[in-house]
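S.K.: Next come the chains, spelled out residue by residue.
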Amino acid sequence: MSYINRSENHKIETPVEKQNRHKAMEAIKVINTLKEEFKSPLKSMEYFYRLFEDVYCHQKSLHTDKVKVGTMCIQIPSEIIYALDGVPIRLCNGFYTDDEIGSDLMPSKSCPLVKASVGHLSSQNLSDKPHMIYSPTTCDQKTKAGATIESFGYDVVDVDFPRTKESEISREFFRRSIRSFASDLSKKTGKKLTKKNLKASIGKIGYAQSLYHRLSDLRKNKNLPILGVDMFLVTNAFFFDKINNWIEATEMLLQELETRVQQNVHVGGKISPRIVYTGSPPIFPNYKIPLLIEESDAVIVADETCSSNRMFNDRVAVDEWFVNDMLDSMADKYLKACTCPIFSKNDDRIRRIIELVRSHNADGVVYQAFAGCTVYELEQRSVLEAMEKEGISILYLESDYSPSQSGQLSTRVEAFIESLKMKKRKKGK
Amino acid sequence: MKYFAGIDIGSTAIKISIADENKNLLGHKITASGSMFYKYAHETLDALVSEIGINKEDIIYTVATGYGRKIFKEADENISEITANAVGARAAARDHGEIKTIINIGGQDSKAISLDEEGNVTNFAMNDRCAAGTGKFLDACAMNLEIRVEDLGEKHFASTGTPLSINSTCAVFAESEIIGLLGNSHSVEDIVCGVHYSIAKRIVKLVKRVGIKEGIYFDGGPALNIGLVSAIENELSCKIFIPQYPQITTSYGAAIIGVDSYTYEN
Numbered sequence: 001m002s003y004i005n006r007s008e009n010h011k012i013e014t015p016v017e018k019q020n021r022h023k024a025m026e027a028i029k030v031i032n033t034l035k036e037e038f039k040s041p042l043k044s045m046e047y048f049y050r051l052f053e054d055v056y057c058h059q060k061s062l063h064t065d066k067v068k069v070g071t072m073c074i075q076i077p078s079e080i081i082y083a084l085d086g087v088p089i090r091l092c093n094g095f096y097t098d099d100e101i102g103s104d105l106m107p108s109k110s111c112p113l114v115k116a117s118v119g120h121l122s123s124q125n126l127s128d129k130p131h132m133i134y135s136p137t138t139c140d141q142k143t144k145a146g147a148t149i150e151s152f153g154y155d156v157v158d159v160d161f162p163r164t165k166e167s168e169i170s171r172e173f174f175r176r177s178i179r180s181f182a183s184d185l186s187k188k189t190g191k192k193l194t195k196k197n198l199k200a201s202i203g204k205i206g207y208a209q210s211l212y213h214r215l216s217d218l219r220k221n222k223n224l225p226i227l228g229v230d231m232f233l234v235t236n237a238f239f240f241d242k243i244n245n246w247i248e249a250t251e252m253l254l255q256e257l258e259t260r261v262q263q264n265v266h267v268g269g270k271i272s273p274r275i276v277y278t279g280s281p282p283i284f285p286n287y288k289i290p291l292l293i294e295e296s297d298a299v300i301v302a303d304e305t306c307s308s309n310r311m312f313n314d315r316v317a318v319d320e321w322f323v324n325d326m327l328d329s330m331a332d333k334y335l336k337a338c339t340c341p342i343f344s345k346n347d348d349r350i351r352r353i354i355e356l357v358r359s360h361n362a363d364g365v366v367y368q369a370f371a372g373c374t375v376y377e378l379e380q381r382s383v384l385e386a387m388e389k390e391g392i393s394i395l396y397l398e399s400d401y402s403p404s405q406s407g408q409l410s411t412r413v414e415a416f417i418e419s420l421k422m423k424k425r426k427k428g429k
Numbered sequence: 001m002k003y004f005a006g007i008d009i010g011s012t013a014i015k016i017s018i019a020d021e022n023k024n025l026l027g028h029k030i031t032a033s034g035s036m037f038y039k040y041a042h043e044t045l046d047a048l049v050s051e052i053g054i055n056k057e058d059i060i061y062t063v064a065t066g067y068g069r070k071i072f073k074e075a076d077e078n079i080s081e082i083t084a085n086a087v088g089a090r091a092a093a094r095d096h097g098e099i100k101t102i103i104n105i106g107g108q109d110s111k112a113i114s115l116d117e118e119g120n121v122t123n124f125a126m127n128d129r130c131a132a133g134t135g136k137f138l139d140a141c142a143m144n145l146e147i148r149v150e151d152l153g154e155k156h157f158a159s160t161g162t163p164l165s166i167n168s169t170c171a172v173f174a175e176s177e178i179i180g181l182l183g184n185s186h187s188v189e190d191i192v193c194g195v196h197y198s199i200a201k202r203i204v205k206l207v208k209r210v211g212i213k214e215g216i217y218f219d220g221g222p223a224l225n226i227g228l229v230s231a232i233e234n235e236l237s238c239k240i241f242i243p244q245y246p247q248i249t250t251s252y253g254a255a256i257i258g259v260d261s262y263t264y265e266n
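Which chain is which? The protein sequence lines are A and B, in order.
If you're matching positions, the first sequence starts at 1 in the working numbering and goes up one per residue.
If you're matching positions, the second sequence starts at 1 in the working numbering and goes up one per residue.
These are calculated hints, taken from the structure and not from any lab test.
Be careful, since some hints might not be right.
The calculated lysine to aspartate or glutamate pairs, modelled on DMTMM-like cross-linking and capped at a C-alpha distance of 20 Å, are [as the list claims (entries may be wrong)]:
1. A:Lys18 - B:Glu189
2. A:Lys11 - B:Asp190
3. A:Lys35 - A:Glu53
4. B:Lys208 - A:Glu100
Per the computed footprint, the stretches of chain B lying under chain A, defined by three or more beta-carbons under 8 Å from a beta-carbon of chain A, are [as the list claims (entries may be wrong)]:
5. 183–197
6. 230–239
All figures in this text were calculated on a predicted structure; none of them were measured in a lab.
Just so you know, even glycine gets a beta-carbon here, dropped at the ideal spot from N, CA and C.
Okay, chain B solo, but in the shape it has when bound:
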């Protein structure tokens, strides 16, 4: 058997997907990037290989992507996360209609990607060098509110008052805003809801830059947060599609690119 690995080394997490020749996803693994990207990426790959019970030698083509892709020197190919994300999203959604727009929120950036009918990237926009509207922003907020990031979604729907918007777009200043709100004993739920809407509004602005086309796919870790999903849907006024494993779309895309490159080369 021939296998293909997509390795997405992000600022917060390392995501690895393994696909077979038919581009089916066989397995995936997510670990924290930590301080030693290179070492952890190898460890994660080894763990995944033994988990799904294949021989590492059967991985005949590896594609690295993500912010840390250049450090994974053993990769056969290097590809930007935008291309990989587009390919992965199309493949993940192949039975569910056409994807025309992708929203990706990562640990340190957020992107909007616009696709044509064939799945080519026609336009994309990224946030400025700043943590506003990223996963880090959510992390910081959860920490200030003393709740787990995983619980943000639930808190969102428990909000009964008016969502309290966070005006600062800077994650650092937003922290002090949140502390101020807590100091005046506003409910955590209303603050969480406001945080989600603040991010959602920024994301929608980003999507507007590439043009909102329905058939919207949302991935990246924050897509696991149902409160944020609902806030983005409300701001966009349409439903968006969330894959089963929102974090691995890009690594899956990289694995698929591996299949194509290998086929082309041989």
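Isolated chain A, as found in the complex:
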């Protein structure tokens, strides 16, 4: 018997082609689910579906003319980057493909988000590769990741970040940090921060935030006009999209939602429990838990996560419109308003969750932590206690980026949603 190699004519994929295919397969799966699995799809969401397909299935580069400033966390003020004529690109990553690449570089028990971000950067395969990366020293894993990423040949600058936020010391500390970040970026871009350009960019980001607030208000309606998974996609797009395009698309979305509210269109079922989502951030395409929730006849009406609500909720409040005062106000906003569990005391987060439950008339909270995201795992107890005290039902889940674990999770999510429905029915009587 002899050999014949039937596949002789087929080229084997390069590592980059393989990574791209794996990511495209992950991405298209989620995009198709969003497009096809739910009733009453929104026309204005098509922009966002296409954007994610372009970027993650076709590796389209969005920013060819600007200095691309990579950020490793939410605490780097985009206002400063835009003022210096750069574009911020948040490098937090949600791909299992990249998580697997990162697993060779970090301990297996690390947070999948950090592993995926490190894996992605190590592959050097980015459709919009950053010219430099600013890495706030937030949680342990992100802090250490900065040095790892530097070893891949990127220009990585640590931005000192305090682990307490109540004290004057931390406030002053982070103000100095932000000033130093601004001057570093100014040197690298060759542009100067001026009263005019900084004020303009604060205005622009503020406007984007105001759009988010309007969206959020519409989600308070009894008839919910938009699914939580779609909202996550919209806020996720803010990580990398051209800001003017994002603003335009979000304005369109708002219009469509306002019409829906007038026409009493509801994306959920008659008794669908309303959920506030909190915990480790769902970042495209890791919408595993939000999708499980909304595929199990519940709707996400609000969230308390750094990929969405936390990015948009609080605005920069300026006293005096001078460059240094504006910088200080930004430092205050990015530190004081932050509800990340890395802080020693973080009652603000609990307060915000309760606020969202009340304002959006939610029936329960789903708290999801990535296995390995220590700070969210640690804060689980205090949040659960606080919710219990308030009489708010809460489900705590641990998950990762692997696509295979949905079976066990779905049983727990479904049982939780069923229990909320039972309560709703009893209350209704």
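Using the hints, position chain B against chain A.
M.R.: For chain B alone, kept in the frame of chain A given last:
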């Protein structure tokens, strides 16, 4: 002349190979296992004997292997398909470099076998009791897509979009996933491509359990599917070797074991 028969009774097909004293393959025959393994195995053997024009009495040693090997009571010896596969692969590849890893996808199971320099089985892994990543999985997919299994390879290369992965590892649930994709009018080609990559990923996981060593041989009926071959090569990031008759490696191995046993006994 002395002849040696290897009879591989699988869940889907009966494969028989006949070798001469020098372990050369004289002929082979493949028929569906159907409902009566025992009867069909005998019929297949008779047909093969007359096809290659030898006397049945000259078959002096018979080795049975495969899932149904125990029912072929006339066999001189019974051997597991893992050992037979390893021996067959080494013999089939003897002029083409060393085989260190074997991937076998059968009708109802899939295996990864690791060999040492002498061709001994050092480690092997099999899928769990489940049709995911097996020939049956491909059969079910082809049926849902209303195409012939033989055409899956061609469809794979006609895919122009992103392969649509099938998340369910269960063949039964995968069916409903495929129906869902068809319902949303996705292209058959992209679905086929996704099915192949889903199987390929599972196979690569299986191979990782025994350790990926280059010199990889892929056999079993699904190795005829060039789309699946390409998907596995891409997932492994290396070329794999496909024998001329991927389905009969194990029965050929059984025939060779027959030669060795006979020589040893006499």
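S.K.: Taking the hints in turn, state whether each one holds.
M.R.: We went through each hint and held it up to the structure:
1. A:Lys18 - B:Glu189: With Cα atoms ~19 Å apart, lysine 18 (chain A) and glutamate 189 (chain B) stay inside 20 Å; holds.
2. A:Lys11 - B:Asp190: holds (19 Å)
3. A:Lys35 - A:Glu53: holds (12 Å)
4. B:Lys208 - A:Glu100: holds (14 Å)
5. 183–197: holds (count 4)
6. 230–239: holds (count 7)
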